[in-house]
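Protein chains: 2
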Amino acid sequence: MKAGQLGEKKLVEMFVRNLFGSDMATIPAGLDDTAAVAHNGEELVLKTDVMFASTHFPAAMGFKAMGRKVAVANLSDIAAMGARPLALLMAFGVPPEMDAEDLEKVFFGINEACEEHRCPFVGGDTKKAKELTLAGMAVGACRKEELLLRSNAEVGDVVAVTGSIGNAACGMLILTKGLKLPAKLSGPLTDSFTRPVARIAEGRAIASTAPGSAGMDITDGLLYTASEISRASGVGMKLNSKKIPFTPEAKEFAKLQQHASPVRLLEYGEDYELVVCIRKNKFAKVKDAVEEAGGALAGIGEVIKEKRIYLDGEPVDTHGYDVILR
Amino acid sequence: MKAGQLGEKKLVEMFVRNLFGSDMATIPAGLDDTAAVAHNGEELVLKTDVMFASTHFPAAMGFKAMGRKVAVANLSDIAAMGARPLALLMAFGVPPEMDAEDLEKVFFGINEACEEHRCPFVGGDTKKAKELTLAGMAVGACRKEELLLRSNAEVGDVVAVTGSIGNAACGMLILTKGLKLPAKLSGPLTDSFTRPVARIAEGRAIASTAPGSAGMDITDGLLYTASEISRASGVGMKLNSKKIPFTPEAKEFAKLQQHASPVRLLEYGEDYELVVCIRKNKFAKVKDAVEEAGGALAGIGEVIKEKRIYLDGEPVDTHGYDVILR
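Going down the list, the protein sequences come from chains A and B. Counting along the first sequence from 1, when you hit position 152 you're at 208 in the working numbering, and nothing is skipped either side. Counting along the second sequence from 1, when you hit position 50 you're at 106 in the working numbering, and nothing is skipped either side.
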């Protein structure tokens, strides 16, 4: 059998979760946005996310955006656990014929992300490789009871999402399919894809205000994220598309692409917003805390007992992205 | 300018050390075996070391050995700081046409290393790539005063090395040059190359018995390691080749390769032993502690004021390996 026929989840189930020390970790590999190990009264949350030029970066994406994206992808998982970032590392695979100035742009992108998210960059390995490779690793920390576990959702919780939805998916479609749109529209949309933000402040606000909430970041689409939280918690969700905070640009994009509604964008990822499930009686307080931290939080549905995802009353197929390695 | 013309040290100086947060770290990127950031009363030591199939693994090296090697390379740097390992992560780049069983062997190698070094494996990212890529990341912890900094060496210190020297270099030469040797000899030598060990117990024994000692692991040869510690500490060293703990196999190898002595092996790396500098009055106690931990420690020289490395009275050229990306 070829490795390419195995999905990442299959790999995690077959190998990664069986490796030494899973029982020594608070959260072993492959169960949540990050793993976690205890250290001196807190949990260290640990994440690695690697991207390869040939697979993960559209040709139209600049080098600075690549560096930024890998940094943010790693920091976003720290945010999704409710932790504060302690450090970011990056191992680089560099094709020898790559222009040194392009490599410098990659570093600028990483630096921009680290500065914005107040996360020190501390490492540091550079090797020769066949293609540009950026292997990020982020470390964060929080108290154990604050961890926003995927398995924390409870029936009756408010399902909520930070920020706004859809722009990054539109930006990805514009860049990968070469769609031609008015600059006024395509500018903000591609920006959202090339300059994503990790919701660190929002994650901390939620975790510290309502410990025991569930959380996961959106990298594979809102609906897939909702289904993953539901699966881990043994519950389902009723979502209301009218409450989903689509941006005006995403709505406009959907219209131009002849979709009556932007709902189809929920199947695309790259938003790096957080989907959280919060006890109903805490939601108002958490929303205030997130806004005080400079963010936004919108209730978009409710956790239900039946193990299905409904969108506007209709069951949703949330197959996700795990069919093949990508 | 092409990226391949920049050495890794140049890259670190130009970019990595200038990235955000260097001043927030106890040890920023590129200065020591690992970076370090404070967390709840201890230092977290953080390392990433990535290897690519096309560059770093001789064709004759098996898949299990590759997994083990990357795990050990990362753990060895934790050992070189005097820290205990908390967790290992690995991001995988997998060519889709790779045999799934070969990938399984990589996991077996990682598992073996984690089990032997009692380090939980906790992550966890697998992506499609042009060549097999193993990006390891290790996290460890110790008290700040225990850190075996490269800059800690003082004039009059005993220069010492753990374990034994030369086997891994011989093994590498056998595998990369296809040298034919009696199996009785080549077996143990290639084993040392394909199954290296990180000196975690030794590092902890040294750091806890003699805080303030200097240390670095040998990945680029003993002489280069000695010169790096010397440069960081603003000192030099007098080394005595007769005291270097060459194995009988390495001596035999040197004879068969028509070298009168195995000293030329000191220019090769891959031993993953630790070179340390210990206050003279502490050396006996530290040696006992290392032996109690199951290891060995041999004094091989002395730290001197003059900023040069002498081997048996002759100055040594320790250019090291930083000419090009590799």
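Derived from the structure by calculation, the hints contain no laboratory data. Some hints here could point you the wrong way.
Treat identical chains as interchangeable: a pair holds within one or across any two.
In silico DSSO-like links for lysine-lysine, alpha-carbon gap of 27 Å or less [claimed, not checked]: (1) Lys161 x Lys240; (2) Lys361 x Lys338; (3) Lys120 x Lys338; (4) Lys184 x Lys66.
Keep in mind it's a predicted model, so treat the numbers as computed, not measured.
Hint check results:
no.: 1; hint: Lys161 x Lys240; in the structure: within (26 Å within a copy, 52 Å between copies)
no.: 2; hint: Lys361 x Lys338; in the structure: within (20 Å within a copy, 65 Å between copies)
no.: 3; hint: Lys120 x Lys338; in the structure: neither (40 Å within a copy, 50 Å between copies)
no.: 4; hint: Lys184 x Lys66; in the structure: between (30 Å within a copy, 14 Å between copies)
Hint compliance for this structure: hint 3 is the single one not met.
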